[in-house]
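Visitor: Chain by chain, the residues:
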Amino acid sequence: MSASPVAERSTAMSRFDAQPIRHFLGVIGRTVFVAFMLAFFTLPVLWLVFAPFDKTPGLGVSLPEFTIANFRTLFKSSSALSALRNSLILAGGTAALVLVAGSLASYALSRVRIPGRDMLLYVLLLMSSIVTGTAAMVPTFQLVNELHLIDKMLGVVLVIGAGTLPTVIFILKDFMDNIPKSYEESARLFGARPLRILWDVVVPTARSGLAAIAVWAVVQVWGNFLVPYILLRSPDKSPAAVVMYTFYTEGGQPNLRLIAAFALVYSLPVVLVYFFVSRRYGFRFYGGIKR
Amino acid sequence: MKHDDGDVAGLGRPRAVAFALPALAIIGVFLFLPALWTLWLGLTNYRLTGTAAAHPKVVWFDNYRTALTDHEFRGALWRTTLFVIGSALIGQSLFGFSLAWVLQRVRKPIRSVVEFFVLLAWIVPSSVSSFLWFALYDRRNGTLNALLGTKGTAWLIQYPMWSIVVFNTWVGTAFSMLLYRSALGSVPPSQLESARLAGAGPGAQLRDVIFPHIRSHILTNTLLITLWTFNVFTPYLLTGPANRKAEIMAGYIYRTSLRVGELGQGAAISLIMIVINLIIALVYLRVLRERTP
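Protein chains in written order, with this note's numbering: chain Y, 743 to 1033; chain C, 2 to 294.
If you anchor each label on the Cβ, the simulated ranges turn out as follows:
1. C:Ser187 with Y:Leu1014: 24 to 32 Å
2. C:Lys246 with Y:Thr798: 31 to 39 Å
3. C:Gly76 with Y:Asp978: 34 to 42 Å
4. C:Arg245 with Y:Pro977: 25 to 33 Å
5. Y:Asp942 with C:Gly7: 18 to 26 Å
6. Y:Arg772 with C:Asp71: 45 to 53 Å
7. C:His214 with Y:Gly933: 50 to 58 Å
8. Y:Val791 with C:Gly7: 46 to 54 Å
Facing chain C, from chain Y, some residues (calculated, C-beta under 7 Å):
9. Gly802
10. Pro936
11. Ser1009
In short, the hints are calculated from the structure, not lab data.
A virtual CB, placed ideally from N, CA and C, is assigned to each residue, including glycine.
Sequences and hints are given; from them, build the entire structure.
Guide: So, in structure tokens, the structure goes:
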């Protein structure tokens, strides 16, 4: 009888003591976890930060003996420059293709009820997610071969364009659906033809959506290795993704100075684009951007 | 034309079809046609070079029989399964979720730094990230050996599967982190609060409040990363064509069809992959549809 208040008090005490200990352990656990994750995710990237500015870069990470001579090497290397130029051509070509074809199609699908429209969109999205570059490597190669588009940039643009168009149409249709129809109505009252309405009324109104899609398409092409690797033969047509790979796999001692500077210059645009996109649209949009 | 059908620009059906045609034609030729063509190619002994290139013969289901009995195919499929389980289902999911969970309770500057690097791994183009890991794993000068004191360990040769699993976890964790972050944000704080007041520890909170709430997010994440990881080609850039012990489906299909030149055989494997993709995607769409109402 007399023991029970004591016992009660001691459990209350121990509970009181356990709280800060648990809290303390929680802080320690969190710190260890965050430190481990930070190390894991930064360690491989450090090379990309240091080596481009190092006089004698090795494969290991080390503090650089500062120089910018590596970039001079890069801008004298014709293969590196043509690779970056080819990446720009492929990215620009694909973006133009999907913007034009995609906005025409999504506008039509948004405004006119074509029978089976929803089913069509559904099937298009399904196909684009299952007929991937890897899985459809063989028939795609064979098709492009038969069309005599092997070793032509147009072939790469068409193949990547076809893979991205379903997503483009799907997202753009969403944008178009949200454009107030009164604009088009009044434009029509003034006698504008549909193509003119699309160009002068709809496109300016949807330009944030179109810009987002263009960025998305450029990022898709910029990083794509497999499609140009399979479809292009001549080294002088290869984009940066492929040339980066050949730099360190083909022939003799890899030139690490060139590779380091090239890797940085090649990666920087997508990292910058990421900053731009995430600030404007938030991470949510980026969630769908990469694949 | 009726007036209430939303066709305010007066397109009309014929013109709408004409507008949609260029896009549909490109998709039809370069996305649908390859998928259909692989059905036919897979039944032939088509080759990249030689007599079978000029006059392919129909061999019916020989390619499929060869594939299913071939230990190289089965090995590649098995390694791909391990790769998906290890890097996507375990690595990316676990890292992604725990990052989303822990970073909620961490001060903002630290959180932003961690998130930045996780995302950076995802954003860097694949041929650059595979070179970064190639350098990290290097036997003689690699940072990993210097750091762990494991001098002379050739990670890519001695531990090929572990190497690509860790690499792909590093690349892909960002997506799971982002998805789980928004999922955790959708859990009502009031429910967490009352669970905490009732004395539930972190484990009980996770089990009783968080998981029931984000079940559909878990399913979405799992299916998407499974599909992507199954189709990923990047490990080939890290291990190169010679390392058969780390050869997954992507590398195997590339070697069989475009290096060895057996296009017919490769097409059969292509179709098998597309069918596996289809199954995963259909399950995913099913889940999505159940979620919407």
